[in-house]
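Enquirer: Letter by letter, the chains look like this.
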Amino acid sequence: EAQVTQNPRYLITVTGKKLTVTCSQNMNHEYMSWYRQDPGLGLRQIYYSMNVEVTDKGDVPEGYKVSRKEKRNFPLILESPSPNQTSLYFCASRPGPNTDTQYFGPGTRLTVL
Amino acid sequence: TQLLEQSPQFLSIQEGENLTVYCNSSSVFSSLQWYRQEPGEGPVLLVTVVTGGEVKKLKRLTFQFGDARKDSSLHITAAQPGDTGLYLCAEMNYGGSQGNLIFGKGTKLSVKP
Chain A
1 EAQVTQNPRY
11 LITVTGKKLT
21 VTCSQNMNHE
31 YMSWYRQDPG
41 LGLRQIYYSM
51 NVEVTDKGDV
61 PEGYKVSRKE
71 KRNFPLILES
81 PSPNQTSLYF
91 CASRPGPNTD
101 TQYFGPGTRL
111 TVL
Chain B
1 TQLLEQSPQF
11 LSIQEGENLT
21 VYCNSSSVFS
31 SLQWYRQEPG
41 EGPVLLVTVV
51 TGGEVKKLKR
61 LTFQFGDARK
71 DSSLHITAAQ
81 PGDTGLYLCA
91 EMNYGGSQGN
101 LIFGKGTKLS
111 VKP
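Chain order of the listed sequences is A and B. So the first sequence is residues 1 to 113, counted in the numbering used here. So the second sequence is residues 1 to 113, counted in the numbering used here.
It is worth saying that the hints were derived from the structure and are not from the lab. Be aware that one or more of the hints could be misleading.
Mimicking DSS-like on lysine-lysine, the simulated pairs with C-alpha atoms at most 27 angstroms apart in a straight line are [said to hold, decoys possible]:
(1) K57(A) <-> K18(A)
(2) K112(B) <-> K70(B)
(3) K70(B) <-> K108(B)
(4) K105(B) <-> K65(A)
(5) K105(B) <-> K57(B)
(6) K57(A) <-> K105(B)
Isolated chain A, as found in the complex:
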């Protein structure tokens, strides 16, 4: 089954404690991205990756890092989380940047105290 998986699904942490949210896709897609979803602001892109070892900033990259060492995995790293990073995070993938069918993961609800 074609899917995007994220872990963990829920996370409560404290300010400053480094964390990683993993994302994996089994569709051999080149393009992957991370979004955050906040009430009143909608979905906003954090980072994206066009292929292995190719990553770039989206609209709201501050406070986040990513890596793309393998095609299937695209982890999101918060080196020093702060309360304003409390949000619902989605990983997404699609075959290429201009192809229309984007698949989203199930989401990770992060709370930073």
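Given the coordinates of chain A, assemble chain B onto it according to the supplied hints.
Expert: Okay, now just chain B, sitting in the frame of chain A:
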């Protein structure tokens, strides 16, 4: 950056009723996508419209793209409780980071049995 306005923000109806939700832009869309997001899940692509005046049907859902490609609508006939969810429109932001989808804030639909 293109802004996508969705209306209404919230809609609560009884099973069997018809409804229409709208997505409008300050400028011309290159193409437009509609997604449905159910509680606790990621958005799922419903349709992509590309050509001005285009109409696409997906069972009880009818998607229309305005002639001038600055607006789109989603009409649901005989709504069912399973239609409950957040309906999002999105457009590829060719002026920004590659492959970035710009999302509207969504219409939250509740269909009561």
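Enquirer: Hint by hint, work out which the structure violates, then give me just those numbers in ascending order.
Expert: Number 2 only.
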